[in-house]
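Here the protein sequences line up with chains A and B, keeping their order. Just so you know, we're using our numbering here: the first sequence kicks off at 1 and counts up by one. Just so you know, we're using our numbering here: the second sequence kicks off at 1 and counts up by one.
Be a bit skeptical, because a hint or two may be false.
Calculated cross-link-like contacts (lysine to any residue; reagent style SDA-like; alpha-carbon spacing at most 20 Å) [what the hints assert, rightly or not]: (1) B/Lys166 x A/Leu61; (2) B/Lys177 x A/Pro69; (3) B/Lys134 x A/Leu61; (4) B/Lys177 x A/Asp59; (5) B/Lys177 x A/Phe71; (6) B/Lys166 x A/Ser70; (7) B/Lys166 x A/Gly72; (8) B/Lys134 x A/Ser70; (9) B/Lys166 x A/Ala75; (10) B/Lys166 x A/Phe25; (11) B/Lys166 x A/Ala67; (12) B/Lys166 x A/Asp59; (13) B/Lys177 x A/Asn68.
To be clear about the criterion: a stretch of chain A counts as covered by chain B if any three or more of its residues have a C-beta under 8 Å from a C-beta of chain B, and this derived list gives those stretches [to be verified]: (14) 12–26; (15) 33–46; (16) 62–68.
Source of the hints: derived by calculation from the structure; they are not laboratory data. In this text, all values refer to a predicted model and were calculated from it rather than measured experimentally. No residue lacks a Cβ here, since even glycine has one placed at the ideal position from N, Cα and C.
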Amino acid sequence: MSEEQVLIQSPLMYRLVRAGDGTLFLDVVVGGIAQFTVRVLLTAQEAEAYARLGRPYADRLAMDVMANPSFGGRAVRVP
Amino acid sequence: MSWTIRSLLLGVFLLSGCNHGGGNVNPTPELPQACDAYQANISREADERATPWSVEKHLAQNFPDKKVSWLMTDAAYQNFVVATNAQNFGRCNDTGCYLFAAPSATIHAAVEKSMVDGVHDPAVIGQALGLPAKNFEGPLRMMTLDLEATGVCVRLPVDSDPGVWKCTSEEDTDCFKFGGYTSGGVPELMVIDAPVAQALVAEIP
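All chains, please: the whole structure from these sequences, using the hints.
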């Protein structure tokens, strides 16, 4: 199995990573005076949208996660 | 509390005191005039919305020593500050790097109170800062910045700032409410372009 590949390391404090199994996930720093990271696995539709629209789409998705850190229950806190 | 952490915290406190000539506090702190036109405009609008409150009154009442602090998990610090060789803390876009920060005394006291046998208790920090304990699980980093020495731009945080998540109910205690206080009641500021090189960073096991 190949290793993780960081596709985007953003100054907005998120990174988009391709996992060894090919799936994409976002690690996003959330919080105000206390910051921590949450991870969101991209759905097939989101992965397709990223393939089509590129970084602006990833930026928008990461900002959505920052604005709603539970992300509808999809976000998992990264230890 | 381990000697390492105690020494780090003591060092931070001593440095804080030394920068103010042994604890003399300016009774009428003035807003650092480092905001560019873009940030100054946001600050002006925020002050108008907060009237009769303002960032100047906020600084005078809640940040008398002009020291701010904030916490990050060590993993976030390593991945998004160290690994990227970041020049400034916070979320950066074309207009600047945006960082929420609280009075250093508040953060330091919460951390110190939480230390048991050299390890912090997330529940104690959470309770002290009015935030969920899970936000503080695992090793942390505590940053401290002297606003006066760095001359950075500060203002009241606003809804459009990167990283803001809005409260959905009055009961929410982990979200953004306009006015200069966290949903847990801790004073907060928006710091623009907080330089990494000028911040004191302490490890909190």
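Q) Which numbered hints are broken by the structure, listed smallest first? A) 3, 4, 10
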